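Student: So the chains spell out like this:
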Amino acid sequence: MKPIEVENIDVAIIGGGPSGLSAAMTLRKLGVDKVVVLEREPEAGGIPRHCGHPPFGLREYGRIYTGPAYARKNVAQALKAGVQIRVKHSVTQMGQGGRLEVVSPDGAQVIQARRVLIATGARETPRSARLLGGDRPLGVINTGAFQSYLYLEHLKPFERPLIVGTELVSLSAVMSCRRAGIKPVAMIEANLRATARWPLSLFPRLCGVPMHFGAQLLEIHGTGRVEGATVRLADGQTRTFDCDGVLLTGQFTPESSLVRLSDLRLDPKSGGPYIDQYGRCSDPAYFAAGNLLRPVETAGWSFREGHKIATMIARDLQGQLPAATPSIEIACKGDLKLCVPQCLSNSSVVGMQHLQLRVSRAVKGRLVVRADGKEIWSRAGSSLPERRLLIPIASLNLPQGVQQLEVDFVGQ
Amino acid sequence: MTKPFPNQSGIYDVIVVGGGVVGCAMVRRFTLEGARVLLLEKSPDILSGASKGNSAILHTGFDAPTGSLELQCMKDGYQEYLQIHQKMSLPLLKTGAMVVAWNEDDLGKLQGIVEQAHANGIADVNLIGRERVRALEPNLAHNALGAVEVPGEFLIDPWSAPLGYLLQAMMHGAQVRFNTEVNGGYFDGELWALETTNGFVRGRTIINCAGLFGDVLEQQLLGASSFSIHPRKGQFVVFDKAAARYLGNIILPVPNERTKGIVLTRTVYGNLLVGPTAEEQEDRLHAGLDSDVLRQLVDAAVERIPALEGMPVTATYAALRPATEKKEYRVQRVEGKNWISVGGIRSTGLTAALGIARHVFSLYQREHTPVPAPILQWPTLPNLAEHLPRDYQRPGYGEIVCHCEMVTLREIENALASALPPGDLGGLKRRTRACMGRCQGFYCGARVAELSAGHLAIPLATGVCHEAH
Ligand SMILES: Cc1cc2nc3c(=O)[nH]c(=O)nc-3n(C[C@H](O)[C@H](O)[C@H](O)COP(=O)(O)OP(=O)(O)OC[C@H]3O[C@@H](n4cnc5c(N)ncnc54)[C@H](O)[C@@H]3O)c2cc1C
Ligand SMILES: Cc1cc2nc3c(=O)[nH]c(=O)nc-3n(C[C@H](O)[C@H](O)[C@H](O)COP(=O)(O)OP(=O)(O)OC[C@H]3O[C@@H](n4cnc5c(N)ncnc54)[C@H](O)[C@@H]3O)c2cc1C
Numbered sequence: 001m002k003p004i005e006v007e008n009i010d011v012a013i014i015g016g017g018p019s020g021l022s023a024a025m026t027l028r029k030l031g032v033d034k035v036v037v038l039e040r041e042p043e044a045g046g047i048p049r050h051c052g053h054p055p056f057g058l059r060e061y062g063r064i065y066t067g068p069a070y071a072r073k074n075v076a077q078a079l080k081a082g083v084q085i086r087v088k089h090s091v092t093q094m095g096q097g098g099r100l101e102v103v104s105p106d107g108a109q110v111i112q113a114r115r116v117l118i119a120t121g122a123r124e125t126p127r128s129a130r131l132l133g134g135d136r137p138l139g140v141i142n143t144g145a146f147q148s149y150l151y152l153e154h155l156k157p158f159e160r161p162l163i164v165g166t167e168l169v170s171l172s173a174v175m176s177c178r179r180a181g182i183k184p185v186a187m188i189e190a191n192l193r194a195t196a197r198w199p200l201s202l203f204p205r206l207c208g209v210p211m212h213f214g215a216q217l218l219e220i221h222g223t224g225r226v227e228g229a230t231v232r233l234a235d236g237q238t239r240t241f242d243c244d245g246v247l248l249t250g251q252f253t254p255e256s257s258l259v260r261l262s263d264l265r266l267d268p269k270s271g272g273p274y275i276d277q278y279g280r281c282s283d284p285a286y287f288a289a290g291n292l293l294r295p296v297e298t299a300g301w302s303f304r305e306g307h308k309i310a311t312m313i314a315r316d317l318q319g320q321l322p323a324a325t326p327s328i329e330i331a332c333k334g335d336l337k338l339c340v341p342q343c344l345s346n347s348s349v350v351g352m353q354h355l356q357l358r359v360s361r362a363v364k365g366r367l368v369v370r371a372d373g374k375e376i377w378s379r380a381g382s383s384l385p386e387r388r389l390l391i392p393i394a395s396l397n398l399p400q401g402v403q404q405l406e407v408d409f410v411g412q
Numbered sequence: 413m414t415k416p417f418p419n420q421s422g423i424y425d426v427i428v429v430g431g432g433v434v435g436c437a438m439v440r441r442f443t444l445e446g447a448r449v450l451l452l453e454k455s456p457d458i459l460s461g462a463s464k465g466n467s468a469i470l471h472t473g474f475d476a477p478t479g480s481l482e483l484q485c486m487k488d489g490y491q492e493y494l495q496i497h498q499k500m501s502l503p504l505l506k507t508g509a510m511v512v513a514w515n516e517d518d519l520g521k522l523q524g525i526v527e528q529a530h531a532n533g534i535a536d537v538n539l540i541g542r543e544r545v546r547a548l549e550p551n552l553a554h555n556a557l558g559a560v561e562v563p564g565e566f567l568i569d570p571w572s573a574p575l576g577y578l579l580q581a582m583m584h585g586a587q588v589r590f591n592t593e594v595n596g597g598y599f600d601g602e603l604w605a606l607e608t609t610n611g612f613v614r615g616r617t618i619i620n621c622a623g624l625f626g627d628v629l630e631q632q633l634l635g636a637s638s639f640s641i642h643p644r645k646g647q648f649v650v651f652d653k654a655a656a657r658y659l660g661n662i663i664l665p666v667p668n669e670r671t672k673g674i675v676l677t678r679t680v681y682g683n684l685l686v687g688p689t690a691e692e693q694e695d696r697l698h699a700g701l702d703s704d705v706l707r708q709l710v711d712a713a714v715e716r717i718p719a720l721e722g723m724p725v726t727a728t729y730a731a732l733r734p735a736t737e738k739k740e741y742r743v744q745r746v747e748g749k750n751w752i753s754v755g756g757i758r759s760t761g762l763t764a765a766l767g768i769a770r771h772v773f774s775l776y777q778r779e780h781t782p783v784p785a786p787i788l789q790w791p792t793l794p795n796l797a798e799h800l801p802r803d804y805q806r807p808g809y810g811e812i813v814c815h816c817e818m819v820t821l822r823e824i825e826n827a828l829a830s831a832l833p834p835g836d837l838g839g840l841k842r843r844t845r846a847c848m849g850r851c852q853g854f855y856c857g858a859r860v861a862e863l864s865a866g867h868l869a870i871p872l873a874t875g876v877c878h879e880a881h
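From first to last, the protein sequence lines are chains U and X.
All residue numbers for the first sequence refer to my numbering, where the first residue is 1 and numbers rise by one.
All residue numbers for the second sequence refer to my numbering, where the first residue is 413 and numbers rise by one.
Everything labelled a hint here was simulated from the structure, so no lab data went into it.
You may find that some hints are simply not true.
One side only, chain U facing chain X, incomplete, derived with CB under 7 Å [claimed, not checked]:
| hint | residue |
| --- | --- |
| 1 | I9 |
| 2 | R99 |
| 3 | P126 |
| 4 | N142 |
| 5 | S148 |
| 6 | L152 |
Distance condition first, Cα-Cα at most 25 Å in a straight line; then the derived SDA-like pairs of lysine to any residue [to be verified]:
| hint | chain 1 | residue 1 | chain 2 | residue 2 |
| --- | --- | --- | --- | --- |
| 7 | X | K738 | X | E694 |
| 8 | X | K521 | X | A690 |
| 9 | U | K88 | X | F773 |
| 10 | U | K269 | X | V710 |
| 11 | U | K269 | X | A712 |
| 12 | U | K183 | X | V710 |
| 13 | U | K337 | X | G875 |
| 14 | U | K88 | X | G810 |
| 15 | U | K88 | X | P807 |
| 16 | U | K88 | X | R822 |
| 17 | U | K88 | X | A829 |
| 18 | U | K269 | X | G722 |
| 19 | U | K337 | X | V710 |
Nothing here was measured: the structure is a model prediction, and the numbers come from that model.
C-beta atoms are modelled at their ideal positions from N, C-alpha and C, and glycine is treated no differently.
So that you can see chain X by itself, here it is in the shape it has in the complex (with noise of 0.2 Å):
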């Protein structure tokens, strides 16, 4: 039995079905200009999909696909992340990037690489010599022969800039609906009536943002789709934060066609990661770990960077790209349908999720020319990054509740008090970082078992318990 919302019998410009990095950055886009927006989401909280673990790379876009729309997306998403990070108190990690050769067959293809990248508009990026890599960065292996330097990618926090998103959006009157899965609808040649888990809900334009479920959606609710996912997962380990000091550059793989390469990485919590993996798989709902794999990740992350023998591990983790059978991203109006698929932003999503968004805006004026909301505001996002001023370094705080990552009660409160509260322990996790540092929970695990009971979808707890005392 399905029945409409209670106050919400209205009639919504634009749904967004799918609260990933792209679902956010779209409601926003479409706010901020002016249309009236619902954002419906399956899970608790937003970043449930693809979106929950990736490389936290802001790319230039150096090496995507000279002319496709994704290296378009890619730019305008850099530019736009670099416009407003500073008005919402979102970080940027300004390390840049070094594409490595570790063999002569990778030396070859360095020169290839700073030609595409020139191509595509990115003048800075150049080619350096084994002494200069070594004396940038000095704890890389001896045996790097040459680089391609690409000083403009940086390291952002992937989590808290699509919470900016939405957060924005919200400020200027977008509505958000989690656990509320989009399975059925029809259109009636001027509105759609979306079914969902939570009843029906009616908008003029719909747009499939749903990531790894997309061309299911389209199944549903158009018939047919125009795509296919192919789920392609990607493993990852983090290292301790003793081990961030070891790099400056953000280290890249040449492409190559035997192996898919990883990456190492700092990233804006301090620590060091190592992956990702690119494994296809049928599956889109389970991103599971495999111990050997993962022993291959440290093996080659202490290859290339022999300081790392002993590091310990701090966190493991994996993700799905939305992957679909072709590279460049499928984003079209369907006509005569008021739908716009927002299909396989495979793997640069993070980057290009705003340019998406001006994107998908543009074929949405085609038809409709909504009325430009005029005042801006932004919203502050509370800081999760190393390298800027933390909550604990300022006083009042109550007390730091996880001690790895040094998140402090207040922190943990103003989150579940806040416009856009957590609605699982992972999104309590991304807006604070509590229980992701080392020691995983051992000494704060019970206690913000206590500080979210009442607040998240799955509780930490099962029950209470009285016998022991």
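Here chain U stands alone, though its shape is the one from the complex (with noise of 0.2 Å):
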């Protein structure tokens, strides 16, 4: 065996979905002199690359873009600003400093970066992970798989899903169905009432089809393909639905393996890397953007925020960012399910612009902030499970010599 050769470069972007090529193409411009993404996939553009629907790219570019045509945007402006793009290159093992371990079909290598930029997006929950009950037939699948089978492999996955889940996504996942002549035998939501945001979630109605929400999967059946799903019905009643797929859709997750693996912080409530207002993880040679971050949001907001930590990664290599310790630790109380970013450096350089939050149920009343206890920031408001929830930053006004911040939402 040839030992394995140490490349060093400037900034290794892990990830060539929205946020890695648009931190990429901001770093060229920045002036960083070698940055490399590394993408898993045969071609890069990440998530986009089987959103065969618009829209994508307005505030990017000035136009809508399905989203194969915005990935390939995305690729062509990231090469034209000089970005190495490596496809087929997995990273494997993320190392203390900046040493990642990579493999490609040319062989496995190490790179050693001055900084690396973590930009490994979401997936949905499986099956699996969300522990449910029944046979485990051919045809149980997420949306993504549904629209790689569609827009990738020209392929249908199934005729006749059992649509669960009433988020965008799964909006999105009713009009692959319907351009594919695929006929959804119904939508189901544990809620009372549609994650998406009215009108949109009156579009699978609009299509013909029948939503149930209070309505819980129990069971799925068959032995070879789908034979049928069993739900429980608001009222109480079990309904065994007659269809040969499940789609499951949302239940958004970050793809955080890489992060599990490595010595870097891991926050359990986003389900990605415990980061400061500049992206920058536990270990500083680590930022990190985009879905990864938090589930979820759009192409949009990532490709924005891969631009925001890109800026951060660029001052950094000039030694303009504050030291990462002392910071002041974000905890999330009450009904908030995840605050991102999780800790703040108290510096007066300028980062990410919000605290970005979520609720774990439908909550009304007030969004609070504590800073060692003392009440320093509220608002009145309500917002919903997948909703965004925004804090300003600068609206703190954080006092000095905080030691702990506390986000609270306070019901009525």
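Now that you have both chains on their own, put them together as the hints suggest.
Tutor: This is how it looks when you write it as structure tokens:
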């Protein structure tokens, strides 16, 4: 075996989705020399590659693209900026100080980067991690796989699926079904209302797909392919749908397996890495951006976040970011499910503009921030699961010497 | 209407019914001893019954009933696996096991477990105190009071091993028919004619390795069965690969009348699993999952290894043990019928299979003496174990198709083109691990559908779709 060479570069970006590509082009534009995107798929572009529908790219490029066209545009822009994109390159290990183990069909390699941006995105929760009951037949898949079947392979995984979930992605699944001539038997939602906003949530009904709220998937049936699915409806009755597939939509989860296998601190609430307002991880050679940070945002948001964190990395390379420690931890209370970033460096250098929050159930009341137990900020309002909820960091006017911050949703 | 196999008018010395781990080992033993063997399996692939889901432990037999056939077969099977695994490139992960006492009740039973192990000839089994448990397994909950250490309990690849047994048999001339269910037949005093869903086949001796349907087969062909199957389901939860670092040994429960207890173990694939449950049921076909039970398994795992709190679940699965009304294996020659029953290989068959095959061959030998096959050939199994070099670490693999389990295009193509190609998606997963990781096909499912099109009994795709572009 020949000894493994170490390649030295300025910034390695793990993942060529919207956030990774946007960060890469920004870094190049800010004069960083050697910027390499490591993408494990045969093509860069990320999730939009198989989102065969608009709207993508309006704020970035001033026009509307479909997902695949948007992905191609991002790749072209990155290449134009002088970014190296290496496809079929999988990062298998993130070592201390930016040492990456990488495999490609050409062999194994070690990359030593001055900084690393982790931008590995998010996926949906599969059947197993939802601990769903029943048989394990063919045809129980997530939207991501469904879209890949349709738009990348031109195949249909089923003809009459039961759709589980009413997030935005669930609605795009209904749209994809329609275009492929697939007829969902119903759409079910465990909560009493759709997760996606009205009027989008009306869309399935307009397509003639019956919707059931307060409905829980109990069991999947079938020894070969799916033969049915039993659901407990809101009135307590159980009903078995005659379907040949189950489409599990949403319940996004960060693709943070590399983080879990590394020494980086992971935030169990967001499921992503623990970062400060500069996107900096517990090992200051590592930064993170995009949907790896939290489930889940749009492509546009991820793109802008990649840009923002890239400017932070560029400053850091010039020694212009404050030291990573000490920092102020942010604790999530009550019905707040997660907060990103998870800590703040008490510095005047501006990083991300907002604390990004999500609630675990529908809430109404006051969003409160406390510094060492004392309320310093509040706002009345309401929120629903999966909805974007923001607190402008600048509006907190953090007092000097704060040790700990607490964000809370105080119900009415 | 049934008709003979096209070019299969010959007569086999032995027909093995059932391609579980026991059937695969059986075909191998008899073929290597020189017999002309045919395997009949009703499913599109091997390992479609009890053998598709187990804990993958190569047991020493330390806790098997002393003097039982089960113990003898486990010990023989264990020995033979150690002798042959390297020749076939089959993995062996030498973890060792601990039977951990979590309460005073358990603690009181440890000495008895050690004594039984010694009586079973497993001499290196010994008692260790709580300090030693903590030193060896620092991530176990601190209420572990003591343990029996069983250094010889190891982990293997439960799918590649039987595949290897059958491949080796095929290299020596054994034949295999899938999608072929035996559902009748008659014996003329010398020859059996088996009626299958694919026509008649003739053979001198039948070996019933039909697992969960062993009693049904005997009722159909012999008019009665000497045993009856009472399926016992085991459910499992597999945690993310990040969990494997929290455990070294296999953690076994102290057997107890009230609760069966569960096992916590790594797998050779680099995961950590918890299970199995033991649930009696009538249904022999469906090994259904139960959300509440899965949740209990997750909770039990977190209770034993607190660091697992919040650890994502990668997979859930269940399988049925072919249990009978007795604990002992139900292996016997049926006099005057040229029939050998291999029934009730309940919960130790992965370990014992090679030993069971030897035992059954010795029963057969009392009447027949086949000519030994002269030169032994060995198949090389693709390695799926994490602790040994994987295909993606060798250049030229094309691309990685399944990122969670790091399965390459080369591995998938080789599996599809192999001497014993997968018959269904389960078979492809068992040969390559594609779609078996944390995303369960989110990233690679569609690509696998495309690559496997035309190869599997039930295709992943229901049709093509040109509309959506
Ligand atoms: C099914 C689905 C549908 C969606 N639909 C929409 C939509 O219609 N509109 C919308 O705005 N948003 C949608 N989203 C949200 C989507 O997450 C964002 O649009 C956007 O893709 C996030 O960008 P990202 O860069 O953070 O991650 P991604 O786009 O997920 O990109 C991450 C990249 O990292 C690569 N990668 C991961 N691990 C490694 C590794 N170890 N080594 C090398 N490379 C690696 C991946 O291959 C991938 O290309 C959808 C998400 C899903 C899952
Ligand atoms: C939950 C669980 C955990 C376990 N853990 C372990 C462990 O850690 N270590 C260990 O050593 N063992 C373990 N075991 C035990 C082991 O898996 C079983 O003993 C073994 O799989 C039994 O194999 P078999 O070949 O007898 O049966 P099966 O695997 O059921 O094989 C029988 C085959 O016969 C076929 N068949 C049936 N009827 C017909 C017919 N009429 N015609 C044609 N084909 C037919 C079936 O399709 C099937 O493929 C475990 C078992 C379970 C269920």
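Student: Which hint numbers does the structure go against, in order from smallest to largest?
Tutor: 1, 2, 9, 12, 13
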